[in-house]
Amino acid sequence: MTTPKMAEVLPASVIVPHGTVERGARHWSHDYVVMVRWHLADLRIWLMTLTAVQLLSGVGFVLGISLFFTHIPMTAALFVSTGVPVINLLMVGMILGPQLVADQRSSGSYEYLRSMPVSRSVTGAAWYTVCLIGGVPAMIVSLGVARLRYDLPLHVSPMIVPAVLLTSFAGTMLGYAIGHAIGNPMATRLITQLLVFVVFGFAPVMFPLSQMPRWLGAVNWWLPFRHMAVVMRSALTPGVHTAVMSGYVVLCVWAVVCAALAGRALGRRP
Amino acid sequence: MTAGVLAGRPRHLPQSELRSGIGYWVASLVTMMRFDYGRMRQWAGMMIVIQTMMGAGMALLYGFFYPHITAMRALYITTGAPTLALIPLGFVMVPGTVAQQKLEGTFDYIWSLPAPRSAQAASTFVLYTLLALPGSVLALLVAAWRYDVHLSVSLLLIPAVLLCALMATTVGYGLALAVSNPIVTNVVTNALMFVVLLFSPIVYPASQLPAWLATVHYFLPFYNMAVVIRAGLTFGAVDHLTTSFIVLAAWAVVGAAATAWVVGRRR
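Residue numbers (the working numbering), protein chains in the order written: chain A, 1 to 270; chain B, 1 to 267.
A few of these clues could be false.
Residues on chain A that point at chain B, a partial pick, calculated with CB under 8 Å [claimed, not checked]:
id, residue
1, G60
2, L67
3, F69
4, P73
5, G201
6, Q211
7, M212
Now the in silico label distances, taken between C-beta atoms and shown as ranges [what the hints assert, rightly or not]:
id, chain 1, residue 1, chain 2, residue 2, range
8, A, V161, B, A44, 48 to 54 Å
9, B, T243, A, A243, 49 to 55 Å
10, B, G264, A, S210, 53 to 59 Å
For the record, the hints were derived by calculation from the structure and aren't laboratory data.
We treat Cβ as the ideally placed atom computed from N, Cα and C, and that holds for glycine.
Start from the sequences, fold in the hints, and give me the full structure.
What follows is the structure in C-alpha cells.
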C-alpha cells in the first residue's frame, strides 16, 4: 500500500520548479545585475521613442517657451529650465513605466515576468536604476541647452545628488504603484495621461507657484510634483530657498507609501 | 423540386453587381453614418470630455506660464481655445481610431461592405466634424469665463469652424490611410501634438516666432485655423483672412485627395 503512495508523491516533488527566491547579499547583487540587463535589453525597442520623447519634452520645452513671450523674463526662463529636469527624471519611471506594464498586461508577458525567481526588492531596485539611466543624461542635456540658450545663473550644489535620487525614486515608485496596483491596463494608461497633463501644466514645476490660483497651489502641496521642483531648483540655483526640508519630507512619504503599495501588489499571488 | 431550388437560388446569392448613382451614394452615406455612429456612440461622450479638457485645460494652462496676463494675451488664449480643442480630434483621434480599426481588422471589414468607399469616408468626415463642435464651444466658454474676455461673435464663425473641423478630419484620415503602419501613425500624431502646442502661433501672435518659423506656419494648417476662428470671434483683430481660408481649403482638398487615392486603389 505504501509503495504506490510514494510513487504518487515523488513525481510531484520532481516537477516543483526551482522557483524559490535565493536570499543573501551575493544573490541579491547577482539578481540585481541580471534584472538591470534584462530591463535594458527589453527597453531597446523603446529606446527610440524614449529618446524622442525626452528630447521633445526637454529641449523642446526649453526652446519653445521663449516663443510665448516677446522678450522672455529671466524668471520664466529659469523656472522652465530648472523644471524640465524634473520632467526628464519622471519620464521613464512615472510616465513610460506604467504604460509598459499596461502593455505587458495586455500582451500577457506580465505574468511571465512575475514568475521569475527574484525578490521584489531586486525587481524594484533594478527598475529604479533603469529609470535613472533613462533620465539623468536627458536632464543634463536639457540643462546644457537651457544654459546655452538663456545664459542662466545656474549653480549646481552637491545637494543635486540627493535631489535627483529622491525625485526619481518618488516618481518611479508612484509609477510602479500605478502600474502594478491598478489591474486594468486601460485605467493605467488614462491615469498616466492625466499625470502628464498635471505635471506639465497644473503643478508649479515649470512656473512659479504665485502664477496659479491659491487653491490649486494648496492642492499641490499634497502632491509630490511641487516638492520635486523645489528640491531640484534649490540644488541648481544659488540663493536661499524655502520649504526645501518639508519638500524632502513629503517626497520621502510619497516614495515610501507608493513603494509599499507596489510591493504589496507584487507580493500578492494572483 | 429542382425548379423550386433553382428559382430560390438567386435570392440567396449576394447582389454582386456594382450599383451606382447619386441616390445609391446618398443612401449608402446615411447607412454608413448610422453604422459609424452606432460604433462610436460609446466613445462619443468621452471624446467630448477629452476635447473640452484639452481645449479648456490648455487655455488655463497657458495662462499659468505668464507672470501677467495682459488683455492681448487673454484675447489670444481665449480665441485659441476652440482651435486647440479641434486639433486633437482631427489629428489624434481620427488617425488613432483608424489605426485601431486596422489592428482589429474592422477596417478591412468596412471596406468589404457593399457601400461606395467614398461614402464610407464621407460618413467619417461628417460625423467627426459634427462631433468636434460641442467640445470646441465648451472650451471657448471656459476660457472666456476664466479670462473674462468679451467676444464679438460673427456669422463668419460658422464656416470657419466647419472648415477647420472638416480640414482636420480629412487630413487626419488621409494621414492614417497614407501611413500604413499604425505605430508610425501613433508616433507622428504625438510628435505633431507637441509641435502644435509649443511651436504654433495659436495662443500667441505669429510675430513672436523667428521669421523662418512664421513663414513655415503660413503654409501649415494650425496657424490658419487659429486665424479664421479668431476672425469669427473678434472684430478687426485679424488680417490676411482670405489667405487663411484658402490655405485651409487647400489642406482639406489635400486630405480628401490622399483619402481618395488610397481608397480608390485595389489591393
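Verification of the supplied hints:
Among the interface hints, the one on A:G60 holds; its C-beta lies about 6 Å from the nearest C-beta in chain B, closer than the 8 Å criterion. Look at A:L67: its Cβ gets to within about 6 Å of chain B, closer than 8 Å, so that hint holds up. Proximity of A:F69 to chain B holds as hinted, the smallest CB-CB distance being about 7 Å (cut-off 8 Å). Given the 8 Å rule on beta carbons, the hint for A:P73 holds: about 6 Å separates it from the nearest Cβ of chain B.
Checking A:G201 against chain B: minimum C-beta separation of about 3 Å stays under 8 Å; hint holds. For A:Q211, the interface hint holds, the least distance from its beta-carbon to any beta-carbon of chain B being 5 Å, beneath 8 Å. About 5 Å separates the beta-carbon of A:M212 from the nearest beta-carbon of chain B, less than 8 Å, and the hint is met. Restraint check, A:V161 to B:A44: a C-beta distance of roughly 50 Å satisfies the suggested window 48 to 54 Å.
Between B:T243 and A:A243 the C-beta distance comes to about 51 Å, which sits within the given range of 49 to 55 Å. Our hint of 53 to 59 Å for B:G264 and A:S210 holds, since their Cβ atoms are close to 58 Å apart.
Checked against the numbered hints above, the structure breaks none of them.
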